[in-house]
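A.B. asks: Letter by letter, the chains look like this.
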Amino acid sequence: MNSSGGVFVFVEQTDGVVEESSLEVLGKGREIADKLGVCVTGAILGEGIQDMAELCSHMGAHTVLAADSPLLKNFTAEAYTEVIAGMVKIRDPDMLLIGATHNGTALAGMLAVRLGAGLMAHVVDLEIEEGTGALLGSVPGFGGGIVAVCRCKKGRPQMATVRTGVFKLPEPTEKGGSVEPFPVGLKPEDIRCEVVERKVERGTSVSKAERVVIAGLGCKENLALPRELAAVTGSAFGVSRPLADKGLASKNLVVGSTGSSLNAKFALVVGVSGAAHFTSGLRSVETVVAVNSDPSAEIFKHADYCVVGDASKVVPRLIAEVAKPGGSGA
Amino acid sequence: MKQIVCLKVTPKLEQIKFDEQKKTIVREGVENEINDADKNALEAALKLKDAAGGSVVVLSMGPPSFEPFLKLAIAMGADDAVLLSDRAFAGADTYATSRVLAAGIQKLAPFDIVYCGEASVDGSTEQVPPSVAGWLGISHVSYVSQLSVVGEKVRARREITDGHEVVDAKTPVLVSVQLGCNSPRFPDFRRKRWAEKEFKLTVFSMQDLGFVPADVGLEGSHTEVTGLSRMRSPERRREFIEGTEEEIVKRLGQIVNGARVGELVRN
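Chains as they are written, first to last, in our numbering: chain A, 1 to 330; chain B, 331 to 597.
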């Protein structure tokens, strides 16, 4: 297999932890590469990244380029763009894939312009076009209800950012690819943004959780009850976008086209009306239960079990029911 | 301090329909508004102006019918407004859009801070802000919820996966602002009257920006849409649980617990 061309995947890490979405993309990249008979190159940037580079070499990458420098310790769009543009120049990939996290999205837009490449944003599916071998990306728009199938018509490589949670994490392989250090030519004055504080709390991401309780505006801004329901049922807690926009919950908890897609076996959706941008995040959930006071709410079209009722009444009763010893509680 | 705010005029989402047969978006008769997050971006700029002085210019790409929305921004407190308007700009993807916006911003140089909303409600690609920064060759701080000026630098709080960070950025810098991070002010009545009667909008055409048709619009785009479809959703049971409140909660409890012990079978 030729080492140039092929699929190039940016692997994001923060403070020594690889973003899961990057590994999902690496797995999908490998699947595409195997279909086309080409190689996958992973790129990881940061300080002290050898272990993470090794990990990537067991998660689908034939080669991992590791750019290790104190100047890359923190993500800054300009510096990361500079280094990756250098890698792309040498590897000349056909496709460049990036997980659509906040940092990934910020990188992709700047990098696409730098490379003169076409970029498909937040894709929920990737395919190879029969005959041409072109990369096709399914891009949700207009609130997530409509999907545009896109391709890059100009420039190189074909770029896409991939929504978190739409592809499965790859199984680690026993035999790893190679890790190659990549020289970093940055100077301290190239870093124009300085990170002065960072706070990260890692929990189980909603996209990976087996069970999720999701609260919407119908919970009337009182999220203590749905949070408690999540706790007593051993579920992760998620929200619809408006609650995060109001500052009542972290953006990382948002389910839907601007947040995460779920992969849960079970989701209990409380007080969410069910706009398309939200329900697009439920597609891979095995069983959906919805509670809403409006019998004609759109969410009921996307639920297996529907309960018409006020969230503030149903949730506390359900908490009591689930916690009840000897009742229907487990 | 000179600040420039990019505004997009977007259709009201709830009014948009999808033509199943033609596989196109029906835009006829749909009302427009300033994109939500862009209003937050404008508010962030006006707040900094209130505190530190200087000027705020709003900039948009679109047809002449966008003029009233730019005047609304003037009524809210912007000092000047520029519309980048040319038939050749139509059909642009994020590549061609960001290229035209960046050229418009460059016409207004020098500047200290450029703002965008984090995303538009219709496209939601979130790619225009970083791409504009790419064309301008300036740094970009994304998903910003708080902003202040500290000495020569701009201090911004931004959201990242599972947390946040605080970044000090040298100007010139582009910041993309989080939807809902502030409450956009109402238009001032007297400014509104002035904007409607006397304010003269600056309009730049493709030629003014030094482009040829191959650079902009559909022709200058690097991606294309091969087809539109409605997002397919899996079939659901859609079984309404009925009965007394007690019965409903009991059944719900069984379903939840079934899921907890992994007994739930979907059919």
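One or more of the hints may lead you astray.
In silico SDA-like links for lysine to any residue, alpha-carbon gap of 25 Å or less [stated by the list, open to error]: (1) K153(A) x M561(B); (2) K73(A) x V196(A); (3) K168(A) x G493(B); (4) K208(A) x L225(A); (5) K580(B) x G309(A).
Have a look at the derived ranges for each label pair, beta carbon to beta carbon [unchecked claim]: (6) Q476(B) x G133(A): 31 to 39 Å; (7) E189(A) x R520(B): 45 to 53 Å; (8) K301(A) x V360(B): 21 to 29 Å; (9) G481(B) x E180(A): 50 to 58 Å; (10) Q476(B) x A224(A): 24 to 32 Å; (11) W524(B) x K168(A): 54 to 62 Å.
Per the computed footprint, the stretches of chain B lying under chain A, defined by three or more beta-carbons under 8 Å from a beta-carbon of chain A, are [unchecked claim]: (12) 441-453; (13) 519-529; (14) 543-554; (15) 569-577.
Quick caveat, the hints were computed from the structure, so don't treat them as lab data.
Glycine residues also receive a C-beta, built at the ideal position from the N, C-alpha and C atoms.
A.B. asks: Give a verdict on every hint.
C.D. replies: For each hint, the structure was consulted:
Proposed proximity of K153(A) and M561(B) is supported: the alpha carbons are some 23 Å apart, at most 25 Å. For the hint pairing K73(A) with V196(A), the CA-to-CA distance comes to about 12 Å; that is within 25 Å, so the pair holds. At most 25 Å may separate the alpha-carbon atoms for a hinted pair to count; K168(A) and G493(B) meet this at roughly 23 Å. Between K208(A) and L225(A), the direct Cα distance comes to roughly 22 Å. Compliance with the 25 Å bound is thereby established for this hinted pair.
Between K580(B) and G309(A), the direct Cα distance comes to roughly 14 Å. Compliance with the 25 Å bound is thereby established for this hinted pair. Between Q476(B) and G133(A) the Cβ separation comes to about 46 Å, which falls outside the hinted range of 31 to 39 Å. Between E189(A) and R520(B) the CB atoms are about 47 Å apart, so this pair conforms to the stated range of 45 to 53 Å. Taken as a hint, the range 21 to 29 Å holds for the pair K301(A) and V360(B), whose Cβ atoms sit roughly 23 Å apart.
For the pair G481(B) and E180(A), the supplied restraint of 50 to 58 Å is violated, since their beta-carbon distance comes to about 41 Å. Between Q476(B) and A224(A) the Cβ separation comes to about 26 Å, which falls inside the hinted range of 24 to 32 Å. Here the CB-CB span from W524(B) to K168(A) is close to 58 Å, well matched to the stated 54 to 62 Å. With 4 residues having a Cβ less than 8 Å from any Cβ of chain A, the stretch 441-453 of chain B passes the three-residue criterion, so the hint holds.
With 0 residues carrying a beta carbon less than 8 Å from a beta carbon of chain A, the stretch 519-529 of chain B misses the three-residue requirement, and the given coverage is violated. For the stretch 543-554 of chain B, the stated coverage by chain A is satisfied: 4 residues place a CB nearer than 8 Å to a CB of that chain, which reaches the threshold of 3. Taking a C-beta to C-beta cut-off of 8 Å, the stretch 569-577 of chain B contributes 4 residues in contact with chain A, enough for the three needed, and the coverage statement holds.
In this structure, the hints that do not hold are numbers 6, 9 and 13, in rising order.
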